[in-house]
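Trainee: Since the structure of chain B is provided, determine the placement of chain X on it from the hints.
2 protein chains.
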Amino acid sequence: MRNLTEDNLTAAVLATLSNTQDARLKTVMASFIKHLHAFIRDVEPTEDEWLIGVQFLTDIGHLCDENRQEFILLSDTLGVTALKDAINNRSTERVTEATLLGPFYREGAPEVPLMHNIAEGLPGEPIIVYGKVTASDGRPIPHAKVDIWHATGDGLYDVQIADFNGAMGLRGIIRTDDAGEYRFRSIKPASYPIPSDGPVGGLLRKLGRHPYRPAHIHFIVSAEGYQPIVTEIFVKGDEYLESDAVFGVKDSLVVEFVRVDSAEEASRYGFQPPFYKAEFNFILDTAS
Amino acid sequence: MRNLTEDNLTAAVLATLSNTQDARLKTVMASFIKHLHAFIRDVEPTEDEWLIGVQFLTDIGHLCDENRQEFILLSDTLGVTALKDAINNRSTERVTEATLLGPFYREGAPEVPLMHNIAEGLPGEPIIVYGKVTASDGRPIPHAKVDIWHATGDGLYDVQIADFNGAMGLRGIIRTDDAGEYRFRSIKPASYPIPSDGPVGGLLRKLGRHPYRPAHIHFIVSAEGYQPIVTEIFVKGDEYLESDAVFGVKDSLVVEFVRVDSAEEASRYGFQPPFYKAEFNFILDTAS
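Those protein sequence lines, which keep their order, are chains B and X. So the first sequence is residues 1 to 288, counted in my numbering. So the second sequence is residues 1 to 288, counted in my numbering.
If we strip away everything but chain B, and leave its shape as in the complex, we get (with noise of 0.2 Å):
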């Protein structure tokens, strides 16, 4: 493994492989090193190039916290976690469509009661979401656990917002009732940049791309004997629905949040009009 040149390299790399143990490991490993290499000889590049993406990683790196996961951006920008969504969510049954966790998920968000208001105390448009759990041959699905998260109306999360100084707001976990139903109030999300503060909104900027996703809400929804579903659900008519920046949208995840101007209806939840209904049903795999 002397004198390596561009027609040997890739080969004498692969060839240190030869005692790995873990077979996952070096088949991961071989098709990276292939994949990594075949990009060095489309690109070619020069001293400088090759040091700016050794800064731009870097970069990343630093900027990742407990609070903040920047390769995962990188990896959501790059539709690098859509497809590896899609390779894990193929089904041939009728299930709901599963789409990006992001970044902003949180475990061990507390429990609340059906019909409870995640948003409690906060501005904003309020709203109540609705449906039904069921099994793919429509049985409900009783005790089933909802774990949901999104925005406030000015696109962020709790996390990004020096009032909650690490507490949770915006998110819940609901057990739906015996008829596998679950409802919930909050506020209406908003559209809203992905952080691009950082090293991957700088890329986007060179790219000319725009760092908005439409206004969503995140849940898992998750059933002993069933398989869990990592999806969100959009607001119809949001203007990013055409172009979310992390490629997660699809068109059955796409809910109509019904304007209510009627006072007395409002008055049954605790909100004053108008407010907004949205309904949508989750229909679960069954466990491989």
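Derived by calculation from the structure, the hints in this document are not laboratory data. It is possible that some hints are incorrect.
The list treats identical chains as interchangeable, and a pair is accepted whether it falls inside one copy or across any two copies.
Claimed, not checked - Only pairs whose alpha carbons sit at most 20 Å apart, straight line, appear in this in silico SDA-like list of lysine to any residue:
(1) K26 - P113
(2) K132 - M115
(3) K132 - E264
(4) K206 - L25
Mentor: Here is chain X on its own, set in the frame of chain B:
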């Protein structure tokens, strides 16, 4: 751009480059997206594997600081650096071969006179290294800049030795004399493991690869009107010449360090015998 699937996702991501003004950036990113997606399609990572990848890159970023560049180490150990170097040093003229810069280069090494001992005061086997810097037609190049750095007999660079406390050691810049000759004294370097306490070291262990580089001395040789060369000379007989962890060894760069036992010859250089002599001539290409 909705309802993206495995079939149309890559095309959709590439389409977002339609507004990119910088033509080179557009070319590089289009290639990067294509090869990255091909890798994902090839290995079909699970959610957990994708997260392991995200965490691996994050850990690498967190380890990078002014004294350590773990992304360059990753590039080196995957042969990307050697490939980039090969691409950037194609030459039809007969010139000295290039090899890796490595992560230990520091700008601003002290300018020292011919025959200076750049390891003054450090324990080790004394060496003298000497030779000529010429153009490819054989003409000597006076006043060429020879920037030298290497590790101790324990395989440590100055930045890795606490006693140096940030000061430079085992480094120096020498100017060739009127005959294009350089010469300096130092101590014999040894083979050493690349920094292996980080994510890249962990990866090498999982892959069953050793982290060693054969003993070498780094050089950047430059002169007005010529293309600078980044290279290394290797100590003939080193046990890792055939398995350099960063794929940098070339036969033309392997040099015999000839043992000299003569007390008289040693005294000429201020050495105690034995000492070692190594001759290497650099040939530079004219600037294009």
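Trainee: Now tell me, hint by hint, if it's right for this structure.
Mentor: Consistency of the hints with the structure:
no. : hint        : in the structure
1   : K26 - P113  : neither (48 Å within a copy, 50 Å between copies)
2   : K132 - M115 : within (14 Å within a copy, 83 Å between copies)
3   : K132 - E264 : neither (25 Å within a copy, 95 Å between copies)
4   : K206 - L25  : between (35 Å within a copy, 8 Å between copies)
Checked against the numbered hints listed earlier, the structure breaks hints 1 and 3; every other hint is satisfied.
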